[in-house]
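J.: Listed below are the residues making up each chain.
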Amino acid sequence: MTGADVVFALLGVVCLAAAVLVVTSPNVIHAALWLVVCFGALAGCYLVLTAEFVAWVQVLIYIGAIVVLMLFGAMLTRAPIGPQPAGGAGGLDSGNRPLAALAGLATTGVLGTLVISAFRGAYVDIHHTAVGDGRVIGAAVFRFFVLPFEIASVLLLAALVGAIVLTRREVSDAEQADRA
Amino acid sequence: MHLSLAVGLSALLFGTGVYGVLARRNAVAVLMAVELMLNAANLDLVAFDAWFKDNLHGGQVFALFVVVVAAAEVGVGLAIVLAVFRLRDTVAVDALTQLADRDPPARADTVASDSAP
Numbered sequence: 000m001t002g003a004d005v006v007f008a009l010l011g012v013v014c015l016a017a018a019v020l021v022v023t024s025p026n027v028i029h030a031a032l033w034l035v036v037c038f039g040a041l042a043g044c045y046l047v048l049t050a051e052f053v054a055w056v057q058v059l060i061y062i063g064a065i066v067v068l069m070l071f072g073a074m075l076t077r078a079p080i081g082p083q084p085a086g087g088a089g090g091l092d093s094g095n096r097p098l099a100a101l102a103g104l105a106t107t108g109v110l111g112t113l114v115i116s117a118f119r120g121a122y123v124d125i126h127h128t129a130v131g132d133g134r135v136i137g138a139a140v141f142r143f144f145v146l147p148f149e150i151a152s153v154l155l156l157a158a159l160v161g162a163i164v165l166t167r168r169e170v171s172d173a174e175q176a177d178r179a
Numbered sequence: 000m001h002l003s004l005a006v007g008l009s010a011l012l013f014g015t016g017v018y019g020v021l022a023r024r025n026a027v028a029v030l031m032a033v034e035l036m037l038n039a040a041n042l043d044l045v046a047f048d049a050w051f052k053d054n055l056h057g058g059q060v061f062a063l064f065v066v067v068v069a070a071a072e073v074g075v076g077l078a079i080v081l082a083v084f085r086l087r088d089t090v091a092v093d094a095l096t097q098l099a100d101r102d103p104p105a106r107a108d109t110v111a112s113d114s115a116p
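Listed in order, the protein sequences are those of chains S and V. Counting from 0, one number per residue, gives the positions in the first sequence under numbering that gives the first Met the number 0. Counting from 0, one number per residue, gives the positions in the second sequence under numbering that gives the first Met the number 0.
Pulled out of the complex, with its shape left as it was, chain V reads as follows:
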């Protein structure tokens, strides 16, 4: 089969993931879009492994390692999302503006109210 089919699908999946990460405001949905990007990289690894006829099967083995890293990333990412939800009562990524540098009066209020526990 043609390699351009696989790499083209991978590029399309990656672009979809980029759109999802930028357009979603729920942190869990952002994590899903990150998974799409990781899978796009996996597809490339497997396709090039088959194309090179790699005797060590490096592409497929590293696809497995990417899966492992993705599992770890989702575990820690969801733990962070849960901690943020417990602290702020929201997981909307555009509502977490405490570190933003765009509204000086509101920021002064936030700092004043946050300094008291």
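Next up, chain S with everything else stripped away, as it sits in the complex:
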């Protein structure tokens, strides 16, 4: 049990507790803010695992962009702000919570026993591995993963155009004539 183990375990506890609150909080805004805590702790886990650049990308993209997008979505769909009665018509949770809990526990059980029994004695030597900082990851992306990188850029462009097309409100000719 080294210092890295302790730090990772503590960050993992924070991350897991925040994740549980994300899926159980009765308020969708609180859930989004707990998502920030979860992703922040996960960025710390990435730092322990020597993935420096991925940690900063996690902070910038997930906390900075995706959570903000979630908050915008919650506000634009007029999500119920404030605590809602559990199981009520306006509640965040549907009626199949026991079944969902069963499915979640089963998934965790299968995945957990599989990977932990498969990698029981595996030890990550984080002191003798190349730190994944911007220079190393940049070299890897632009030397070995150029094609996936370019495809990702096209994918982002397509998603951008698709999102605009989906949310755009059609203005009929009559409305345009009214405005003019």
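I should point out that these hints are in silico values taken from the structure, not numbers from a laboratory. Just to be clear, a hint being listed does not mean it is correct.
Dumping the calculated EDC-like pairs for lysine to aspartate or glutamate here, alpha-carbon to alpha-carbon at most 20 Å [stated by the list, open to error]:
(1) V:Lys52 with S:Asp4
(2) V:Lys52 with S:Glu174
(3) V:Lys52 with S:Asp124
(4) V:Lys52 with S:Asp172
Derived Cβ-Cβ restraints for the label pairs, each shown as a range [claimed, not checked]:
(5) S:Leu156 with V:Ala99: 31 to 37 Å
(6) V:Arg85 with S:Gly137: 38 to 44 Å
(7) S:Pro97 with V:Thr89: 23 to 29 Å
(8) S:Ala16 with V:Arg87: 30 to 36 Å
(9) V:Ala94 with S:Pro97: 49 to 55 Å
Please read these numbers as outputs of a predicted model, since none were measured by experiment. From the three backbone atoms N, C-alpha and C, an ideal C-beta is built for every residue, glycine too.
On the provided structure of chain S, position chain V as indicated by the hints.
T.: Coordinates of chain V only, in the frame set by chain S:
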């Protein structure tokens, strides 16, 4: 550090995400739970990258690609949620039962009322 810590945390996060996707009825909250599952996969990628001491850093690079795909997914997903909200005035996923095959008389009414624009 021990690899089982990282993969165990990843499995727990994934299970939490599965529970969230199935138990939530607000579509935005469902998207949040999907993000939890994507992050569980990311943690595995980064942990195995460190364990293999990969010279190409494939795990970390693909974690970045997962982040990119997640951003695209959230953008398009929220656009769909907004379109559904504009059309149906609700984002509760269990209220969108028009394609369900479980209540024949009500379905006949829905089809009749929806055929007229």
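J.: Can you name, in rising order, the numbers of the hints this structure does not satisfy?
T.: 2, 4, 9
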